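Chemist: Each chain, written out:
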Amino acid sequence: MSMSIPHFYRPVLLFALLVWVFSCTLSDFEDLELAERDAEYAFPLFQTSLNLKDLMDEVLNDTLPGDTILVNADGTMTLIYSGDLVSKPALDLFNFFPDTLIPLTDSLAELPLDEIPNSIRVDRVDFSGGTIALVAFNSWTDSVDLTVTIPQMLKNGQAFEVGTKLAPSQFYFGPTIPIAGYVLAPTNNNLVARYVAVDKNGTRVKLEPFFPNPEIDGVALDLDKPAFSYMQGYWGYEVYPLTEDTIEIDLNQTDLEGEVYITDPKVTFTVANSWGFPTRLLIEKMVFVGRNGQEIPLQTTALDSGALDLAYPSFAAGEVGQTKFTKIFFDKNNSNIDDIFNAQPVQLIYDIDGIANVEQDPDVTGFITDSSVVDLLVSVELLLEGSALNFGAEQTVELNFGEYDDLDTANITAVEFKLVTENEMPISSDLQIYFLDDQEQVLDSLFLDGPQTMLRAAPVDNNGVAMGVERTETFIPMSTARFNRIRTSPKAQLLTYFTTAQGGQVPVKLIATQDAVVKMGLRISTRF
Amino acid sequence: MRAILFAGLSLLTGTVLKAQQELMFYQMPEYWHANALNPAFFPQDRTVQIGLPGYGLDAWNSGDITFDDFLDRDGDKLYLDFSKLIQELEPENDFIADQRLETVSLGLRLKGGFYASFAHAVRAHGVVVYPKGLPQILWEGNGGPDFLGQTVEVAPIVRGFGWHEIRLGLAKDLGKWTVGGHVNVISGLAALESDQSRRTATVFTDPDIYQLTLKADYGFWSSNIVESIDTFELGYRVKFVDDFNSADLFSNTGVSFNLGAQYRINEQLSVSASILDIGGNLSWKNNSYYFSTKGEYLYEGDIIDGKELIQGSDSIDLDDGLDTLNDVFAFSRSDGSFSSAIPTRYYAGVQYQLGADWAVNATVFHQQSSLVSQTAVGLGLRWTPLYWLSLGANYGINTRSAANVGFHLGVRPGPVQFYFASDNLLTLFQPYASPQVNVRTGLSLAFGKPRT
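Just so you know, the protein sequences line up as chains A and B, in that order. Heads up, the first sequence is in the working numbering, so the first residue is 51 and it goes up one at a time. Heads up, the second sequence is in the working numbering, so the first residue is 110 and it goes up one at a time.
Derived from the structure by calculation, the hints contain no laboratory data. Treat the hints with care, since some could be wrong.
Computed Cβ-Cβ distance ranges for the label pairs, DEER-style [claimed, not checked]:
id : chain 1 : residue 1 : chain 2 : residue 2 : range
1  : A       : L82       : B       : A511      : 40 to 50 Å
2  : B       : D173      : A       : E83       : 23 to 33 Å
3  : A       : N450      : B       : R442      : 32 to 42 Å
4  : B       : K403      : A       : L82       : 18 to 28 Å
If you want the footprint, here are the derived chain B segments under chain A, 3+ residues with CB under 8 Å [what the hints assert, rightly or not]:
id : region
5  : 188-195
6  : 240-251
7  : 403-412
All figures in this text were calculated on a predicted structure; none of them were measured in a lab. Glycine included, each C-beta is placed from N, C-alpha and C at the ideal position.
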């Protein structure tokens, strides 16, 4: 069988065949475009680890300069706040030697130390500073030789002595003589001074008062800025006001809200005493002012009628210069300090007197030095065990979304944040974040329905110790419009409300090594 | 030329290709271009053969992936859509392509039963072994349920190269036997080849807060394609070689051989076989570099110091972190010559003539490659209603599928020879629904009747 096709058809047939084969394929790809597609992209945003000790350091100690958190052997933490409440130097009460002009009304004059109270007998004073100057007026028409001696004021075995030659009718104010190194030994708070004035014939004369000012005796000693390093004598019974003051207490940040209950706080008052005679403190008033303004007096069985006898350095035992400590403890067993601290005290008002030699022992030799002081120190130990309900904290931070700030969201159809916490602490936390503009006006919030629980407390055992890790996942879907507002926000206000385990109903122990990991990721759905 | 070649290579790496199977065309020895498949083939009815351009492409992806799986049509507009394709991919997929462009050739029947030939062709071979995760993560992102908590391998293995081939052939008619051979002078154009000892790149998205763990130990060689790879934003900027010139044509040379034989048992029955590209090995020296990256990077978002935050740090900055990604995964470049083995192909065929117009045939094809090997078997039927017209059909089984129906058309009006053959008929009638692109077409001229 054979067929024939005209020759001129043959090239046409070939051409048509080629066109048919290739036209249906190659031309179609010229304007090939990507089809619309749905895609999801997921990536992490941030993560951080919050350590409980750091958190407690900040929350509890924010404004206290003298505080430490002591990590106990079992990992529990004790907040120790210590500070000086009162410091009373002995010189504030027992400085009996003011600047004065001591008149020598006769050639042998008694000089009573009038500044010394009757209850005190000074037997020895070691001067460490100051000067004495001789003041005299020669009321005679001839010159006079004058010598003044204080036999009870010795230095290296030599009595204090000063002299001069006075011209007729001369008023004399002599040079100052340092008295440091002299030891004064009064007798029953009295001194004796003697002056000898001799005329040109060797006859003793008496110098009359300065006639322009009869108030000025003919002979006097000008005592200027006397200072002593040591005073010894007898301190008899005497009550004197020691200190009265109001001090501020700031154990919590003032802007925290909510209820905090602290279990078994311990307060230690320590008196550091270097006064060398028996002293009893008499606490007339010690009232704490709670956060809500209520006054809570300290009630305790640790003090006998509010009195506290201080240990003191003994002269008889050779303890001059030493400091003796007296401690008294207040806890829930001997006081209402528990109630006081759970009222979150903000003030302490106190009035304390001192009683010297309350036993009126006549044989006690006492002393003070220029550095003798009674210091009242307070130490607060808070074992971080307790409960909290909606204990709030607030912080405003600046935000920088970086690359996300410039993100083209035209193709974003949905956004979902994923907030994950892994919590070892027996504390739960509700969180709300407000996103702010430059003027701190609220642009949006993370949660539309108020704060959400984003950190669930780890379960606790019977001792209030957290066991294991509690993981909380919170998904936060968000429209593109809201995401656009948030990602351009320059600031965020974080509001956190802490509650301890089991709804704040049981005390929990806070362990220093407990952490809470907070991390967030972002999943974006797109349609390109 | 280089741009075309690279486009071809890109096509190999970006769509669907595999070794060049030409079952139908192998059974068309009367067309001059078939000499490329068996040096013993020489059209019996002409003395001078002038080969004009011919083109062959055999490309396919493992599985039954078709154009329709990633092309969507909306009116006259065609869109690339990988959604359906991704669902049909295996965890690891092969994409293979062979392309041949015959430019010019000449065949002469000489005295004494000798046949001489000369031919030039531009050929390309490409294999991409790619994990499903690569297109999936590019198309769907990393946030879907398939990726959270999963380590996704995204590194492809790529072997693609193109070369010039100048064939010098000689065959001898020994009566019932005809034997022949080609010496192929080959000159590499460009190549891209993965280092199979360093072929890891994984992405792990932690379901926790989507922390990303990226690991890479990946290397590849390039010749005349990639000049440099610089990090750019969160990706790379690739600079291609732009100083390629014709002088470089002979920089990467080699030699390969083709051997073939045909045995005519009787008037009706003949058998033939050939081995092609024997010893083909291209040594790449010109503009040859080795690029590699190795690193591991865990991106956890911004790490904010908790203590500072507690102590009143007044800012949260989410701008850090990802910038270091580029430092970790920067590609380093070193000079590095390498070689590419051209896969050796094997053909064997038998043809039985049923009267004047009809013939049946069978063909076996095998291509050996270190990456992907391919075997195909075909049974064909030819009808030659006119001396200048040939039509044929073929049923083939290959590595990809057991359902391939081929077709050929050959016309020889006067001195002109035109042929079109495809081992997969769907390529013609439903090109978008065809899982394999297999075409071979070309033109040639034949002159002179041999003396009997």
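Chemist: Taking the hints in turn, state whether each one holds.
Modeler: Evaluated hints:
no.: 1; hint: A/L82 x B/A511: 40 to 50 Å; result: violated, 31 Å
no.: 2; hint: B/D173 x A/E83: 23 to 33 Å; result: holds, 25 Å
no.: 3; hint: A/N450 x B/R442: 32 to 42 Å; result: holds, 36 Å
no.: 4; hint: B/K403 x A/L82: 18 to 28 Å; result: violated, 35 Å
no.: 5; hint: 188-195; result: holds (count 5)
no.: 6; hint: 240-251; result: holds (count 4)
no.: 7; hint: 403-412; result: holds (count 5)
Hints 1, 4, counting from the list given before, are not met by this structure.
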